[in-house]
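K.L.:
Keeping their order, the protein sequence lines are chains U and C. For the first sequence, position 155 (counting from the first letter as 1) is numbered 209 according to the numbering used here, and the numbering increases by one without interruption. For the second sequence, position 157 (counting from the first letter as 1) is numbered 211 according to the numbering used here, and the numbering increases by one without interruption.
No lab work stands behind these hints: they were computed from the structure. Don't take each hint at face value.
Unchecked claim - Straight-line distance between alpha carbons at most 27 angstroms, and here's what the computed DSSO-like set of lysine-lysine pairs gives:
id	chain 1	residue 1	chain 2	residue 2
1	C	K166	U	K166
2	C	K273	U	K193
3	C	K166	C	K193
4	U	K166	U	K193
5	U	K193	C	K166
Number of protein chains: 2
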Amino acid sequence: MLIQTIRTNSSRPLFGEPQLGAFETGLFASTAELSGLSFNYSRDEEIYGEGEHTEFVYKVASGAVRTYKLMRDGRRQIGEFHLSGDLFGLDLGDRHHLTAEAVMDSTVIVFKRRQVEALVAHNHAAARELWLMTANHLKHAEDHMLLLGRKTALERLAAFLLEMDARGGETGLVELPMLRRDIADYLGLTLETVSRSFSELQSEGVVELDGARHVILRKRAVLEAMGA
Amino acid sequence: MLIQTIRTNSSRPLFGEPQLGAFETGLFASTAELSGLSFNYSRDEEIYGEGEHTEFVYKVASGAVRTYKLMRDGRRQIGEFHLSGDLFGLDLGDRHHLTAEAVMDSTVIVFKRRQVEALVAHNHAAARELWLMTANHLKHAEDHMLLLGRKTALERLAAFLLEMDARGGETGLVELPMLRRDIADYLGLTLETVSRSFSELQSEGVVELDGARHVILRKRAVLEAMGA
DNA sequence: CGGCCACTTGATCCGACTCAACCTGCGTGG
DNA sequence: CCACGCAGGTTGAGTCGGATCAAGTGGCCG
Numbered sequence: 055m056l057i058q059t060i061r062t063n064s065s066r067p068l069f070g071e072p073q074l075g076a077f078e079t080g081l082f083a084s085t086a087e088l089s090g091l092s093f094n095y096s097r098d099e100e101i102y103g104e105g106e107h108t109e110f111v112y113k114v115a116s117g118a119v120r121t122y123k124l125m126r127d128g129r130r131q132i133g134e135f136h137l138s139g140d141l142f143g144l145d146l147g148d149r150h151h152l153t154a155e156a157v158m159d160s161t162v163i164v165f166k167r168r169q170v171e172a173l174v175a176h177n178h179a180a181a182r183e184l185w186l187m188t189a190n191h192l193k194h195a196e197d198h199m200l201l202l203g204r205k206t207a208l209e210r211l212a213a214f215l216l217e218m219d220a221r222g223g224e225t226g227l228v229e230l231p232m233l234r235r236d237i238a239d240y241l242g243l244t245l246e247t248v249s250r251s252f253s254e255l256q257s258e259g260v261v262e263l264d265g266a267r268h269v270i271l272r273k274r275a276v277l278e279a280m281g282a
Numbered sequence: 055m056l057i058q059t060i061r062t063n064s065s066r067p068l069f070g071e072p073q074l075g076a077f078e079t080g081l082f083a084s085t086a087e088l089s090g091l092s093f094n095y096s097r098d099e100e101i102y103g104e105g106e107h108t109e110f111v112y113k114v115a116s117g118a119v120r121t122y123k124l125m126r127d128g129r130r131q132i133g134e135f136h137l138s139g140d141l142f143g144l145d146l147g148d149r150h151h152l153t154a155e156a157v158m159d160s161t162v163i164v165f166k167r168r169q170v171e172a173l174v175a176h177n178h179a180a181a182r183e184l185w186l187m188t189a190n191h192l193k194h195a196e197d198h199m200l201l202l203g204r205k206t207a208l209e210r211l212a213a214f215l216l217e218m219d220a221r222g223g224e225t226g227l228v229e230l231p232m233l234r235r236d237i238a239d240y241l242g243l244t245l246e247t248v249s250r251s252f253s254e255l256q257s258e259g260v261v262e263l264d265g266a267r268h269v270i271l272r273k274r275a276v277l278e279a280m281g282a
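Please model the entire structure based on the sequences and the hints provided.
P.N.:
The structure is reproduced here in structure tokens:
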């Protein structure tokens, strides 16, 4: 699973710029404290599986990663999408709770968990940083539970587009790295319903679709009224 | 909000015994490192609100607490139920993400966040412990997203009953501290659907209801086949 | 230019929701 | 001690949002 082609240096990101948001600190950025190796994963390739040992911690250098749970009969729930700069696979305990796959061709930096543990053991700031990352994933999950439990299809898609836009710097131009099926499995819908909802938002002039993967937000206020 | 009758010593729990599970360590148990005050909350009383400052951390001494998000129009999603021994309100950042209310008359031990922070700053084991608690909440949320996004009504109820039973020590006798509406808002259903699902499980001999709040699990294997 | 994968759109179906009536157990006051 | 009131729960009838099944369409790559 981890036998991949190794690149010592990632070239320019394939998708988006590395995000310098709340999660992005010097901690995993430089090689001073922690050294990670770059790996390439092609689309739909598994990075780790649910139940596997948590030997590594991962960071998206470029591309996009989905983490999900799968039922025996194939029903899937994507918990989160991880974009450039995002850390993932930080499950405490010795097993991963979800499966991680590349949404598109992606470059991922892999850190040894033992190194991370060692860092945490003597560095309070780093420990707090990692705790904060877990807490942020929790916050995301809490918001997403409300979406999955109580929102309509249109509200879900509106919230999704706002979330993606926020991650892209609120430009109003959203590039979607994932397919309709991924969006559906993230939002707890079918791909047909996602498609219909896109069409409906477009026919109301709320968004404009330039191909399936490029969305222009035309009426942010309407989206926010729906998605919040 | 915090002006309650103070009890220096909690008498026997009103609901369930304190749980000595994975989250329960010496950390918040004794008064050596941290001192907390006992407060009583009556049914439906708010403990803290979404958006309030995170001044305290809470632990259920007896009773049950729900933490939830509310939409403007009243739609509600309960993220988790907290029973005896559970810590809650440990949101990082300076604001609570959810609202906490007593499901029934409950006793809660309240710790000053500053004390917790101070403890964490010089005690690695404690810091790790708290991080682990956040990680466990995250794990719960991940499982719950699958339930909310992809499971049928019967599967949701089955999973819920197994979860409640697991917390009560897998006795097969489940005492529900909450009303049908709470269960519905936890499972992303309506109370009618919850009630119908209970009836269906009962008519199939999977569970036996002794009043609305006392459930006997008769066919655990069937529940597990549905709920997993 | 051809083929296929992703997406859209249409028709029908169904599980859960809504609205409504009724039941039941419990606390309370006459 | 019984009758009443009522909150909580169950059950029923009808509706509806999103799922399913099924064509079509479009765009990209070989």
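K.L.:
Hint by hint, where does the structure go against what was stated? Just the numbers, ascending.
P.N.:
1, 2
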